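Chemist: Chain A is already provided as a structure; the job is to place chain B on it using the hints.
Protein chains: 2
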Amino acid sequence: MMKTQEKETQIISREPFPASRKIYVKGQLHDIDVAMREISLTETKVHNGFGLTEPNAPVTVYDTSGPYTDPDIEIDVKKGLPRLRESWIIGREDVERLADISSEYGKQRLNDSKLDHLRFVRNTQPLKARMGANVTQLHYAKKGIITPEMEYIAIRENQRIEQLDELLNGDHAYLAKQHAGNSFGANTPQKQITPEFVRQEVAAGRAVIPSNINHPEAEPMIIGRNFLVKINANIGNSAVTSSIEEEVEKAVWACRWGADTIMDLSTGKNIHETREWIIRNSPVPIGTVPIYQALEKVNGKAEDLTWELFRDTLIEQAEQGVDYFTIHAGVLLRYIPLTANRVTGIVSRGGSIMAKWCLAHHQENFLYTHFEEICQIMKAYDVSFSLGDGLRPGSLADANDAAQFAELETLGELTKIAWKHDVQTIIEGPGHVPMHMIKENMEKQLEHCSEAPFYTLGPLTTDIAPGYDHITSAIGAAMIGWYGTAMLCYVTPKEHLGLPNKKDVKDGVITYKIAAHAADLAKGHPGAQYRDNALSKARFEFRWEDQFNLALDPDTAREFHDETLPAEGAKIAHFCSMCGPHFCSMKITQDVRAYAKEQGLSDQDALENGMAEKSKEFAAKGSEIYL
Amino acid sequence: MMKTQEKETQIISREPFPASRKIYVKGQLHDIDVAMREISLTETKVHNGFGLTEPNAPVTVYDTSGPYTDPDIEIDVKKGLPRLRESWIIGREDVERLADISSEYGKQRLNDSKLDHLRFVRNTQPLKARMGANVTQLHYAKKGIITPEMEYIAIRENQRIEQLDELLNGDHAYLAKQHAGNSFGANTPQKQITPEFVRQEVAAGRAVIPSNINHPEAEPMIIGRNFLVKINANIGNSAVTSSIEEEVEKAVWACRWGADTIMDLSTGKNIHETREWIIRNSPVPIGTVPIYQALEKVNGKAEDLTWELFRDTLIEQAEQGVDYFTIHAGVLLRYIPLTANRVTGIVSRGGSIMAKWCLAHHQENFLYTHFEEICQIMKAYDVSFSLGDGLRPGSLADANDAAQFAELETLGELTKIAWKHDVQTIIEGPGHVPMHMIKENMEKQLEHCSEAPFYTLGPLTTDIAPGYDHITSAIGAAMIGWYGTAMLCYVTPKEHLGLPNKKDVKDGVITYKIAAHAADLAKGHPGAQYRDNALSKARFEFRWEDQFNLALDPDTAREFHDETLPAEGAKIAHFCSMCGPHFCSMKITQDVRAYAKEQGLSDQDALENGMAEKSKEFAAKGSEIYL
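Chains as they are written, first to last, in the UniProt record's numbering: chain A, 1 to 627; chain B, 1 to 627.
With the rest of the complex left out, here is chain A:
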């Protein structure tokens, strides 16, 4: 065991980001500390300023990396992360600690001594809602309660706003101006995100806070189109490769680079034990597709699945702390024939399983017929629904077809049922969709699903680039994020080809952070452009270190720069390798600006001044020549 632990602690990525420190912002309604990352910047050397410098304010950014990047927190994957939310949950006095886990399968695994070496040893039993109680954030929100989770989220989503205000009152006039121009230009609902606004969005069903009472280690986050666009990273072992330690590090690694939630899609051996390790060590919500594990329990024979077996699997996972379940309850018997003439049929694994079951038994999907019983389980642990799109298109040729939209309408019907039970719900979307057919997906989803948050895979905008589908899909993801999708499920370069390795996971996460941020900018999310402006200012002023440190991936930015100009000196030099030491456009522009200043041309007066006169002359001259 010691050996294992050492191995684990070696494997886990903990190094803080360059020039960054973890800061904690206090709550006002609740005793909470909201974790953020602060990036410090160097000073600006004033051009021709004879050594004068101007300070640059540090930039705080939304941080999904959890305690791992805080050197002051001791990490032991065998103990799991600090249980941040436990006191909040207990304090609500609507839960009870069970004497033992409830699921038959869970007990069976627990009593199997052959698994002792694989098992994460929990020092507490699971929590469950007291008889008759409903412990969902949606339930609290509807009752007008602002939970600590809601305040945490408000502060977390807001951070850049405080900087914006400071900016607006600061002396970086052009930054503020540009910034405001963007912030107020687009369709964002309001300038400031308050705890009350968070509550209202959750109460309306427009946003969800995945927060199983058995996953107190997770830092609260929100999924809704009036908040920052989120991304999910899929991990999972498989029949072919991988180990438990690697799975935990995969989750830590994905969060490090920006994954807002993790889906554990394990299908191989020991997935119960693997999941426990991941949840206990994950600072972000965990999602699963329970039917995958259920299928393992019947040795892959879909026709042998039963409601009872599935029900036990839901309880097993709910008591481990899974925050949201993908449930393919919209794959109805009567929709299956609609896929028979598709180019790529049914490509959703869960959808295929349920289709096979329906046809084998000539019965309606048991996830649909037992949906209200599922709701009863969900609200006892606050597990959120992610209603799966089992009939999503697997190719452009199948995009927006009858099968896909028929299922979407059923997901809308199920959303209303989930809400009747105050169960939080998001809707999964495609898939493969060409650009001109993306908007229709968003519009139909908002209409049929009463504005429940949309959670899309990509969409991929072309089928011809296997090996680059993180890119084909980032194009669609950025667009649908702009249109209103709340969370984007990442796609790695290995999509359609194989299992992602560590590099693929990072490539997928960074690519999707780009898509999500591009969408935040287009939506005019307050403060979204602050980091872009700070990086661009650093770029223009040749503050290379600041440019690297403000990047989504500082390591790669620095590495690429050093490939061409390794010398430390180059990072402070007033030229870059693209133009060479002899000439650089940014240097010239600085000269132009300095020159313009000498000529009194640096401000708007320029146009009424001598230069404007000269300009008119030239304009006139131009006219002579060209008219």
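A hint or two may mislead.
Since copy identity is lost for identical chains, a pair holds within one copy or between any two.
Said to hold, decoys possible - Derived pair list, reagent style DMTMM-like, types lysine to aspartate or glutamate, alpha-carbon separation capped at 25 angstroms:
1. Lys416 to Asp401
2. Lys416 to Glu15
3. Lys503 to Glu246
4. Lys502 to Glu559
5. Lys269 to Glu563
6. Lys78 to Glu196
7. Lys269 to Asp562
8. Lys444 to Asp312
9. Lys503 to Glu409
10. Lys45 to Glu413
11. Lys26 to Glu308
12. Lys439 to Asp304
It is worth saying that the hints were derived from the structure and are not from the lab. A quick note: this is a predicted structure, and the numbers were derived from the prediction, not measured.
Modeler: Only chain B this time, still in chain A's reference frame:
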């Protein structure tokens, strides 16, 4: 010398693409052979067909790789490529072969024996229009002449249509249906691209055919929004790295992966000689920014630039065969103060040079004041204008500002002047632009520049991802391509950081092929989706080799697959590594389809059949449960 040649022939990439062969389609109006790439596919194993198979028609694709991928053609970079267009040009009887090159600088280089070891030895003198003649494709088009270049382009752009027709009459009903749905759904002007349509688009100025009479080696291609979206790759040596042989291979390498044109942005030593090697060996049009070389001639001192020096540089490059010139004639003295308060000032190198010159001399941009004289040179060799956006934004904060749009209006004014001289013209565009501000760029460009083709750099949709700007820009490029941009200038992962290496060039080209193809699909370009459908069908049928071979990058697709499942057997196995051998969604779907067939559910009758009855029952049952 021999040694050099051996080295070169080693360096140049010539390997044909897997399962591909070069085919040549005969013209009908002219004696021309249009090069295309044909990808052969394996047979489909009919599910439960007891060994029965169905053939899959080969897929021909647009091919920019030139003679290099035709094993029957002998390549010797010292001789250069076959002069495909020479007889067409001579045959028009409006050109003369000069006794000697015209530019002073060119002569000076030619007579410098120290450069002999670097020099490409031409066996012919340059061509020039006869006194008073105009040899531009625009001039011919306006006169109603369909040139061989125009017919070549019509056949080249069309190829997939022939397959579409074959498909529509073939038995792959679902492919055809889906395909037609897409082709006729969007805003494409017509189903078939004819030589006459090409002529009309060129005559209207909506499309250009970059085709300097001194670059007969280039295969004709067209840039216009009613044709396939094209991409450009920048290459160039620099003060820091690189050699002539590498530059030639860089161009060959970029074309191999799909670059439709190459811009040579060399700024280092011997750029005159480097350019000669590139042009003589390039199967695609070459563009340059002549002011870069002019600046080298005055040792980087912008204020020392003169019209006479620039004019000599234009002639020098025109007689080498450069197909289009980026000319920053829109950077007017009166616009410069508009950039003074920007976050990133003037980031265009050409823009910076001209701004510095204007301020140093307090005079209007000499490219603007001498524009008609430039037109005289352009039409004597059929060099196309690429009117540079010297004031493009270098950050989101500066997007769509007064300086950018003021210059765009001037570019529109210059376009009319160029057209007065029948000089082909495209307009360069930004830059850094958030998604919600992209459309405005396209609309203003169409309005101000009378529908002259738009040629954009990206645009980058966020500033915070240095190291990944091929992706931040591919998002914007795909969108603006859909809106109507005719050519996309690629961005590599090294943008803002350093010089692209061979891998970076390939990553940039493939990423931009994705953006361009996504745009073609969204525009509903006839036949664009054929390759996607063929690949998706192969994917669904587990024809792994076909999936790889149809991919934009077969090598990477195969390599990624083999990382997880190296065994040859896996490539024909009916499972993939994502789900493992035990279970696979696509296999289940095949079972579903087979099962559905047995039940008579495979066609639309399904809904009127027994299954529909059953469905109704369940629907009713569902209603009881849920209402």
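Chemist: Confirm or reject each hint.
Modeler: Status of the hints after comparison with the structure:
| no. | hint | verdict |
| --- | --- | --- |
| 1 | Lys416 to Asp401 | within (24 angstroms within a copy, 46 angstroms between copies) |
| 2 | Lys416 to Glu15 | neither (45 angstroms within a copy, 59 angstroms between copies) |
| 3 | Lys503 to Glu246 | within (13 angstroms within a copy, 29 angstroms between copies) |
| 4 | Lys502 to Glu559 | both (18 angstroms within a copy, 16 angstroms between copies) |
| 5 | Lys269 to Glu563 | between (43 angstroms within a copy, 21 angstroms between copies) |
| 6 | Lys78 to Glu196 | neither (38 angstroms within a copy, 73 angstroms between copies) |
| 7 | Lys269 to Asp562 | between (43 angstroms within a copy, 23 angstroms between copies) |
| 8 | Lys444 to Asp312 | neither (34 angstroms within a copy, 61 angstroms between copies) |
| 9 | Lys503 to Glu409 | neither (38 angstroms within a copy, 46 angstroms between copies) |
| 10 | Lys45 to Glu413 | neither (61 angstroms within a copy, 40 angstroms between copies) |
| 11 | Lys26 to Glu308 | neither (45 angstroms within a copy, 67 angstroms between copies) |
| 12 | Lys439 to Asp304 | neither (39 angstroms within a copy, 53 angstroms between copies) |
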